[in-house]
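Add chain Y to chain C, keeping to what the hints say.
2 protein chains.
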Amino acid sequence: MAKTTSGFDFVIHKRRPGTDLVRWIYDEVRSAILEGRLKRGMRLPSTRELARRYGIARGTIVTAFRHLYAEGYLEAKVGAGTYVRTFLPEEFLHAKRTARASTEARKFTPALSKYAQRLAPAPAGRGQPAHAFRAAEPALDVFPASLWAQIASRRLRAATRKLLADVDPRGYRPLREAVTNYLGTARGVRCTNEQVIIVAGIQQALEITARLLIDPGAPVWLEDPCFFGVAAMFKALAAKIIPVPLDKNGLDVAEGQRRCDRARLVYLAPAHQFPLGMTMSLERRLALLNWARRTGALIFEDDYDSEYRYSGRPIPALQGLDQSDSVIFAGSFSKVLFPSLRLGYLVAPTRLIDKFAAARYTMDRHSAVIDQAILCDFITEGHFGRHIRRMRELYANRLEVLRESVRRTLGELLTIPETEAGVNTVGWLRKGLSAEAVARAAAERNVEVIPIGQFVLQKRRPEGLLLGFGAVDDRELLRGVKDLAEIIENCGKSRHRALPMSSR
Amino acid sequence: MAKTTSGFDFVIHKRRPGTDLVRWIYDEVRSAILEGRLKRGMRLPSTRELARRYGIARGTIVTAFRHLYAEGYLEAKVGAGTYVRTFLPEEFLHAKRTARASTEARKFTPALSKYAQRLAPAPAGRGQPAHAFRAAEPALDVFPASLWAQIASRRLRAATRKLLADVDPRGYRPLREAVTNYLGTARGVRCTNEQVIIVAGIQQALEITARLLIDPGAPVWLEDPCFFGVAAMFKALAAKIIPVPLDKNGLDVAEGQRRCDRARLVYLAPAHQFPLGMTMSLERRLALLNWARRTGALIFEDDYDSEYRYSGRPIPALQGLDQSDSVIFAGSFSKVLFPSLRLGYLVAPTRLIDKFAAARYTMDRHSAVIDQAILCDFITEGHFGRHIRRMRELYANRLEVLRESVRRTLGELLTIPETEAGVNTVGWLRKGLSAEAVARAAAERNVEVIPIGQFVLQKRRPEGLLLGFGAVDDRELLRGVKDLAEIIENCGKSRHRALPMSSR
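Protein chains in written order, with the working numbering: chain C, 1 to 504; chain Y, 1001 to 1504.
Here chain C stands alone, though its shape is the one from the complex:
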């Protein structure tokens, strides 16, 4: 499995005074091979080429190479040049050399910033493929990848200078216009193109917002429970997190005011709360906006998962009700199209547009422009709207399959409440069952469920599980429900067995 020529120029370190030329070339090539910088099977530049490049006599290089042939590092192929050998001599002599970082260096931790110390570790990646009941992932197997490929190919073939050069940190203008239209029509967002900033997703939108508004110690209302990524991000910034409870009407605004009337920022997902799934009522929305206008607080509206609504009327964005330029609205294309796309949008209050642009520019300039152009075509040619409608139908069916089989198989052990929207739902466990124990046992059988307790900031909730139904097909959903039923029954039994012991 020889690699082909690297195609790159090979660099060598300066000769230390006192080393002879042959030795220097020999050492450089040998150590590059041993350190893996020159890979096995890789073709080296010709001696003539190397001589020219480093300004030394070709004979010197030929002599050094002769040693390296003799010792088994290189081999010559007639008419094809010089290659790094596939089997190397050192392998017979020593254990394989690993990366040069000494264990000594590893022990020594450099002085990290307070931010770095507070930072939560990145989670381990998720397995392939998606098992029941993976949450927060779309049905990737039905994504129209070949249509996307066609659009991409057309865009790229006609790529203009403009598409290859840098753009406004707020993003590719035609995409911003398409997003403005989409949000106006489908989400009731009221904004101009100027307010729309293309970002890498809701997480980046929130990161920029938080950094523009939050100094260490600044109070922030978070929905309790909420997505851990959100809480972790505010913790890393040393915000003072004020958990605000939820009821069936969404965020309890009055309770938030009691806990901290002077919060700088509120984070919430009014269309479809994560993980509980309720929609915020109009009365609560108006109360929140009034409070924000009075106190000068800003509201971050996470519109995640709002695209799929199965019953009831589509709920326009909170942003559309705002009269005081207080709402930062954010959504993502990653969940509607595919997560690796890393494109989303933020609608900035007009008075903050320049600050958002400045922050994005200093952090990472802007999102990749060709991707933005492809997405723009996908939207303006009507594919996006069609894709949403198709997915809505698919997800509605999957939800129905899940509900039906849970009802039939799990009965009162697991209750799925009315689910109006989204690709995740909560399932409440019968009293006495532990969501943590169920999730642990489920993981061993490739059933992915997350205990609701893991999202809780403060207020204890009944034991429940987050169940995703978008990413997996009917068969896998049914398999998941069947296995989950056995798991829950076993957990129930072991609890019953355990009771006499724990009551002692």
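FYI, nobody ran anything at the bench for these hints, they're computed from the structure.
Watch out, some of these pointers could steer you wrong.
FRET-style restraints, in silico, Cβ to Cβ [as the list claims (entries may be wrong)]:
1) Y/G1432 / C/Q117: 50 to 60 Å
2) C/R53 / Y/S1494: 46 to 56 Å
3) Y/Q1458 / C/R53: 51 to 61 Å
4) C/L147 / Y/E1255: 51 to 61 Å
5) Y/C1260 / C/E255: 30 to 40 Å
6) Y/D1141 / C/G382: 41 to 51 Å
7) C/P216 / Y/G1382: 42 to 52 Å
8) Y/E1194 / C/R161: 45 to 55 Å
Keeping only pairs whose Cα atoms sit at most 20 Å apart, straight-line, the calculated EDC-like set for lysine to aspartate or glutamate is [said to hold, decoys possible]:
9) Y/K1162 / C/D141
10) C/K39 / Y/E1177
11) C/K235 / C/D247
12) Y/K1014 / C/E420
13) C/K39 / Y/D1473
14) C/K114 / Y/D1215
15) Y/K1039 / C/D483
16) C/K235 / Y/D1483
17) C/K248 / C/E283
18) Y/K1235 / C/D215
19) C/K235 / Y/D1354
20) Y/K1014 / C/E381
21) Y/K1162 / C/E194
22) Y/K1039 / C/E476
23) Y/K1114 / C/D354
24) Y/K1162 / C/D354
25) Y/K1493 / Y/D1483
26) C/K114 / Y/E1400
27) C/K39 / Y/D1483
28) Y/K1162 / Y/D1377
29) C/K162 / Y/E1476
30) Y/K1459 / Y/E1194
31) C/K162 / Y/D1141
32) Y/K1114 / C/D215
33) Y/K1039 / C/E177
34) C/K14 / Y/E1283
35) C/K39 / Y/E1194
36) C/K162 / Y/D1473
37) Y/K1235 / C/E476
38) C/K240 / Y/D1215
39) Y/K1240 / C/D215
Only a predicted model underlies this, so the values are computations on that prediction, with no experimental measurement involved.
The beta-carbon is built from N, C-alpha and C at its ideal position, and this holds for glycine as well.
Just chain Y, lined up with the frame of chain C:
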């Protein structure tokens, strides 16, 4: 120029109690049109569809629409449905409504974080096309866009689930391997795949580094002069900036130690300093590494612009000499391929890999995966190496054209020093000429030059201009030199005329 149907569901606000149904539908549609959420020429869903969706009688919607037809908001096209009219009645009655942000709201600035207050505004975008002597932009007109399109199309047509789903925040693994190979071979970087993190560019690499290491007040050495984006980023983080002067051997390490021996981080571009262009000597490199090992400081090696070296031997990275896991190495594909790609790499010290991954994850997850896969193919199939070689030849020629015509046309008015690498060079003005005055006059004639003084942190330099030669062809280079000669001569004259006055 009628727009086609939006394809999105149109959302309407909840009916306020007491409004009748017809009035409600009428108001919602009318205000959506006036606010631009329903665009002119856009097709509306059918009355049947709307009735179904909002659970109201179709007759109600028909009545509301009849008012809207009568008043000129909507028009019916036989057999084709209902459209928003291209000419709207309000235009004859009122001035056009702008976005809803009231001027009152604009005046009120919310409480911004200290970071936001320190943030420099994003610069205005650059014009199209590139004029002489645009800096820091590659020759976009010769980028092999159709080859890129082919690779992209092949990748996308075969896009697997894996390519659409989220990945490790450090990036797409095969690309990280390709980058490891490239950096090992071409740049003398010693690292494993584990250390390589794909980022959105050097700016993001630096942003992450700074946030992991810098608390407000932490001392950082910056090369003086250096790129303004770098200084602005550290200023926004309230780092204590220690300007360290440069001489022909690069950063004056001894002077840095005198100024602040306990710096937490050093930022430098040893391969090709920006904007002065010198390469750091081996002695200085070793001195810097020794100092870092002794004090525990970390070194950020910006490898920007190292790919193009026209004379002398390729200089391996500082990172390759480091024995104490102290160097963060970063480079970008944006300048070698195209800026809007937004892909670069960072090689983390082994002991900081997890922190880098955690920071990237919380900031924006990871870079778009399909772009990473396309780039990976472009590298492993040898196109990248070939592209660099082709560009090196092109840029060497352009540099020669620039040098020759400056020598011939500008003589002693502007001196270009020996330029070994990169796509920018400095031009020193004859004593007495003002770089600012020249740059201002040049801008009026579409000649882009940046006074070196704009990059200075502290130490005054002779008057000089940054001249880019990569992005513009020979004809434009010659045009630029000719115009620049006239501009400089005029500036010289006006200075001479001004002298008697200013000496009074």
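Tested hints:
no.: 1; hint: Y/G1432 / C/Q117: 50 to 60 Å; verdict: holds, 53 Å
no.: 2; hint: C/R53 / Y/S1494: 46 to 56 Å; verdict: holds, 48 Å
no.: 3; hint: Y/Q1458 / C/R53: 51 to 61 Å; verdict: violated, 39 Å
no.: 4; hint: C/L147 / Y/E1255: 51 to 61 Å; verdict: holds, 60 Å
no.: 5; hint: Y/C1260 / C/E255: 30 to 40 Å; verdict: violated, 50 Å
no.: 6; hint: Y/D1141 / C/G382: 41 to 51 Å; verdict: violated, 33 Å
no.: 7; hint: C/P216 / Y/G1382: 42 to 52 Å; verdict: holds, 50 Å
no.: 8; hint: Y/E1194 / C/R161: 45 to 55 Å; verdict: violated, 38 Å
no.: 9; hint: Y/K1162 / C/D141; verdict: holds, 10 Å
no.: 10; hint: C/K39 / Y/E1177; verdict: holds, 12 Å
no.: 11; hint: C/K235 / C/D247; verdict: violated, 24 Å
no.: 12; hint: Y/K1014 / C/E420; verdict: holds, 17 Å
no.: 13; hint: C/K39 / Y/D1473; verdict: violated, 38 Å
no.: 14; hint: C/K114 / Y/D1215; verdict: holds, 7 Å
no.: 15; hint: Y/K1039 / C/D483; verdict: violated, 50 Å
no.: 16; hint: C/K235 / Y/D1483; verdict: violated, 56 Å
no.: 17; hint: C/K248 / C/E283; verdict: holds, 12 Å
no.: 18; hint: Y/K1235 / C/D215; verdict: holds, 16 Å
no.: 19; hint: C/K235 / Y/D1354; verdict: holds, 18 Å
no.: 20; hint: Y/K1014 / C/E381; verdict: violated, 30 Å
no.: 21; hint: Y/K1162 / C/E194; verdict: violated, 35 Å
no.: 22; hint: Y/K1039 / C/E476; verdict: violated, 43 Å
no.: 23; hint: Y/K1114 / C/D354; verdict: holds, 16 Å
no.: 24; hint: Y/K1162 / C/D354; verdict: violated, 37 Å
no.: 25; hint: Y/K1493 / Y/D1483; verdict: holds, 15 Å
no.: 26; hint: C/K114 / Y/E1400; verdict: violated, 50 Å
no.: 27; hint: C/K39 / Y/D1483; verdict: violated, 50 Å
no.: 28; hint: Y/K1162 / Y/D1377; verdict: holds, 16 Å
no.: 29; hint: C/K162 / Y/E1476; verdict: holds, 18 Å
no.: 30; hint: Y/K1459 / Y/E1194; verdict: violated, 40 Å
no.: 31; hint: C/K162 / Y/D1141; verdict: holds, 10 Å
no.: 32; hint: Y/K1114 / C/D215; verdict: holds, 7 Å
no.: 33; hint: Y/K1039 / C/E177; verdict: holds, 11 Å
no.: 34; hint: C/K14 / Y/E1283; verdict: holds, 11 Å
no.: 35; hint: C/K39 / Y/E1194; verdict: holds, 17 Å
no.: 36; hint: C/K162 / Y/D1473; verdict: holds, 17 Å
no.: 37; hint: Y/K1235 / C/E476; verdict: violated, 53 Å
no.: 38; hint: C/K240 / Y/D1215; verdict: holds, 19 Å
no.: 39; hint: Y/K1240 / C/D215; verdict: holds, 19 Å
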